[in-house]
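Kindly generate the complete structure, drawing on both the sequences and the hints.
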Amino acid sequence: MLQEQFSNYLQYEKRYSPLTLQAYAHEVEQLLQFLEQGKVEAVNFTFKEARQYFAWQVQAGKSATTVNRGISALRTYYKFLQREGAVQANPIQLIKALKTPKKLPVVVEKEKLVSLLDTMPAEDASFEEQRDKIVLELLFGTGIRLAELLHIQERDIDFYSKNIHIFGKRNKERLMPINQTLYEELKKYITAKNNLLVHTKTNFLIVTKDGKPAYAKLIYRIVQKQLSQISTQKKKSPHILRHTFATALLDNGADLNAIKELLGHAGLAATQVYTHNSAERLKSIYKQAHPKA
1 MLQEQFSNYL QYEKRYSPLT LQAYAHEVEQ LLQFLEQGKV EAVNFTFKEA RQYFAWQVQA
61 GKSATTVNRG ISALRTYYKF LQREGAVQAN PIQLIKALKT PKKLPVVVEK EKLVSLLDTM
121 PAEDASFEEQ RDKIVLELLF GTGIRLAELL HIQERDIDFY SKNIHIFGKR NKERLMPINQ
181 TLYEELKKYI TAKNNLLVHT KTNFLIVTKD GKPAYAKLIY RIVQKQLSQI STQKKKSPHI
241 LRHTFATALL DNGADLNAIK ELLGHAGLAA TQVYTHNSAE RLKSIYKQAH PKA
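Taking the UniProt record's numbering, the leading residue of the sequence shown gets 1, the next gets one more, and so forth.
Source of the hints: derived by calculation from the structure; they are not laboratory data.
Keep in mind that the hints are not guaranteed to be accurate.
In the PhoX-like style, the derived pairs of lysine-lysine whose C-alpha atoms are separated by at most 20 angstroms in a straight line are [as the list claims (entries may be wrong)]:
no.: 1; residue 1: K103; residue 2: K260
no.: 2; residue 1: K62; residue 2: K103
no.: 3; residue 1: K103; residue 2: K225
no.: 4; residue 1: K235; residue 2: K112
no.: 5; residue 1: K110; residue 2: K235
no.: 6; residue 1: K188; residue 2: K172
no.: 7; residue 1: K235; residue 2: K103
Beta-carbon label-pair distances, calculated as ranges [stated by the list, open to error]:
no.: 8; residue 1: Y183; residue 2: A60; range: 49 to 59 angstroms
no.: 9; residue 1: S228; residue 2: R51; range: 40 to 50 angstroms
no.: 10; residue 1: Q180; residue 2: Q93; range: 48 to 58 angstroms
no.: 11; residue 1: G61; residue 2: H199; range: 51 to 61 angstroms
Ideal Cβ placement from N, Cα and C applies to all residues, glycine included.
Structure (structure tokens):
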């Protein structure tokens with residue numbers, strides 16, 4: 001019962017995304033299973049036991065990032081239990097997050113990506129090929145998140161003002177400008193979509209060939225398939241195109257605060273990570289081009 005109430009709290013009050021809801025539910029369920037083995041009630045969980053629990057996770061080989069996600073989720077869970085009067089104290093409150101090595105965002109070479117997009121799709125392309133192109137164009141052309149892409153409906157596109165209305169994390173809204181190429185590609189795609197699905201009513205922009213709303217695994221497959229043509233790096237996800245979008249803007253002199261707004265970041269700290277990518281790129285160019293490097 002409390003788990004269901006917690007889920008409603010996250011969804012309707014905290015306005016967390018479906019993926020975050022799923023991740024938090026997993027962390028709570030994992031803790032409850034652990035406590036069940038030791039015959040400990042969740043409401044009697046202590047700070048000392050919490051430390052032992054996370055130490056056990058580290059010993060089991062879980063990464064610092066994964067453990068920290070659990071700490072965050074369970075801290076929120078016990079904060080909720082406090083509010084509901086189920087516990088007196090939050091045993092996770094004083095648990096410190098583990099140190100994690102800073103990782104630079106993985107990107108693809110934007111020149112190769114632009115070249116790929118320029119060759120997509122062929123003149124006699126199927127609807128699915130046209131859809132795959134618009135998926136890449138949207139992810140790279142706007143830097144939106146996967147969940148945001150799946151949420152877009154045709155009515156969210158303002159062709160007159162050349163904007164897309166984006167619903168971001170925690171239902172925060174922003175207007176994303178679209179460039180001329182994306183504007184034209186969207187027009188062509190929507191025409192092809194409506195011609196194919198003349199007898200199927202759907203409001204979502206990105207759909208399957210049967211007119212059903214696209215889903216996360218489909219977008220992953222599309223991105224992985226296309227990026228495999230231009231990159232040998234192991235990671236090929238929709239989020240990489242978001243990183244590439246931000247890094248390309250920064251490389252071309254865009255203001256960091258403007259990039260923050262375009263990405264829908266709550267604070268500047270999340271955006272500043274891209275400055276490291278640009279600095280590394282400048283070092284690489286310097287080493288290649290300067291005779292004394």
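Verification of the hints:
For the suggested pair K103 and K260, the alpha carbons sit about 19 angstroms apart, so the restraint of at most 20 angstroms is met. Between K62 and K103, the direct Cα distance comes to roughly 17 angstroms. Compliance with the 20 angstroms bound is thereby established for this hinted pair. Taking the CA atoms of K103 and K225, the gap is about 25 angstroms. The hint is violated against a cut of 20 angstroms. Simply put, K235 and K112 have alpha-carbon atoms about 16 angstroms apart, close enough for the 20 angstroms limit, and the pair holds.
Of the pairs offered as hints, the one joining K110 and K235 holds, with about 16 angstroms between alpha carbons and a cut-off of 20 angstroms not exceeded. With a CA separation close to 29 angstroms, the supplied pair K188 and K172 exceeds the 20 angstroms bound. Proposed proximity of K235 and K103 is supported: the alpha carbons are some 13 angstroms apart, at most 20 angstroms. The hinted range of 49 to 59 angstroms is satisfied by Y183 and A60, whose Cβ atoms lie roughly 50 angstroms apart.
A C-beta distance of roughly 44 angstroms is found between S228 and R51, which places it inside the suggested range of 40 to 50 angstroms. In this structure, Q180 and Q93 meet the distance hint of 48 to 58 angstroms, their C-beta atoms being roughly 52 angstroms apart. Between G61 and H199 the Cβ separation comes to about 52 angstroms, which falls inside the hinted range of 51 to 61 angstroms.
Of the numbered hints listed earlier, those contradicted by the structure are 3, 6.
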